[in-house]
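Heads up: take any position in the sequence shown, counting from 1, add 196, and you land on our numbering.
Hints are supplied without guarantee of correctness; some may be wrong.
Said to hold, decoys possible - Derived DEER-like restraints, expressed as beta-carbon distance ranges:
#1 Thr-450 x Thr-422: 43 to 49 Å
#2 Gln-373 x Ser-256: 16 to 22 Å
#3 Leu-454 x Gly-390: 48 to 54 Å
#4 Asp-368 x Gly-230: 43 to 49 Å
#5 Ala-243 x Asp-459: 29 to 35 Å
#6 Gly-278 x Thr-251: 14 to 20 Å
#7 Gly-214 x His-403: 21 to 27 Å
It should be emphasised that the hints constitute simulated quantities derived from the structure, not laboratory data.
Cβ coordinates follow ideal geometry from the N, Cα and C atoms, glycine included.
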Amino acid sequence: MQIFHLSVECYPIAKVGGLADVVGALPKYQNRLGADAKVVMPFYENAYIRAHEFTKVFDSTLYLNETPYHYEVLKENSGHLGFDLYLVKVYSLLDRPNVYGYWDEALQFIAFQRAALQWLCNKQWRPDILHCHDYHTGLVPFFIEHCPEYSFLKGVKTIGTIHNGNYQGIMDWDMIQFLPAFDEWKWGMLDWNGKINQLAALIKSCHAFTAVSEGYLHELFESALTLEPLIRQESAKAFGIINGIDTDVWDPSTDEMLKYNFDRATAAEGKLKN
């Protein structure tokens, strides 16, 4: 089974919060179970990416409201992460140091989603599952079902994961100029309270969605910044998943952040020394 995880964070490449930890661990363990899981994320001008070698596997031009943006897809060479890593580098948009905080952030995330799908369509690469993490990739299920530009991917199963429902990617409708052409009868799939809401679009359009625990899913039923009725309405396709630590990273016998490493046999002594 081939799974593509789309996310703007992934540990250790770029981390702001818990989203990175999940995306950095889940595909690795899926691969150990026999899947073929990969991660697609934006390019960042940061220390991790500068320190590793990448190969350009694709380049093209993305048009956003008739403005051309050259972009490249880069693949990490070493394979040390336990999964294939692809970076989408859109010049002038996705070539900056930070994950968040830019004035044109909404356009950045639209560009990431559109470029990633354009690449998959061009390469005739049709995975079994597209796993979309948080609102930053929330338009992907809508795009592949209702936009002719990505019709090659129509029918691919999509999963959305809500890591933090407080961030929903709400945009005014004038941002529609940067979206691909879509079936106008489906505009309601993007709308929530009179605006484009990317998290709402994810919930409406995906085949299934998850929260990072059973408890958090039940919280979202009761408190999700106006999305509660939608989440309850779509509850038949909602699942809470167990979100644990990555034991490859948080291993006291190898953890580089500890002054003294220890294992089960030397735990008492090691804890005392630290």
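Evaluation of the provided hints:
1. The hinted window of 43 to 49 Å between Thr-450 and Thr-422 holds, with their beta carbons roughly 45 Å apart.
2. Separation of Gln-373 from Ser-256 is about 21 Å and conforms to the stated range, judged on CB atoms against 16 to 22 Å.
3. One distance hint, 48 to 54 Å for the beta-carbon pair Leu-454 and Gly-390, holds here, with the actual separation near 52 Å.
4. Restraint check, Asp-368 to Gly-230: a C-beta distance of roughly 45 Å satisfies the suggested window 43 to 49 Å.
5. The supplied range of 29 to 35 Å is met by Ala-243 and Asp-459, whose beta-carbon atoms lie about 30 Å from each other.
6. In this structure the supplied range 14 to 20 Å holds for Gly-278 paired with Thr-251, their Cβ-Cβ distance being about 18 Å.
7. Look at Gly-214 against His-403: about 24 Å separates their beta carbons, and that is inside 21 to 27 Å.
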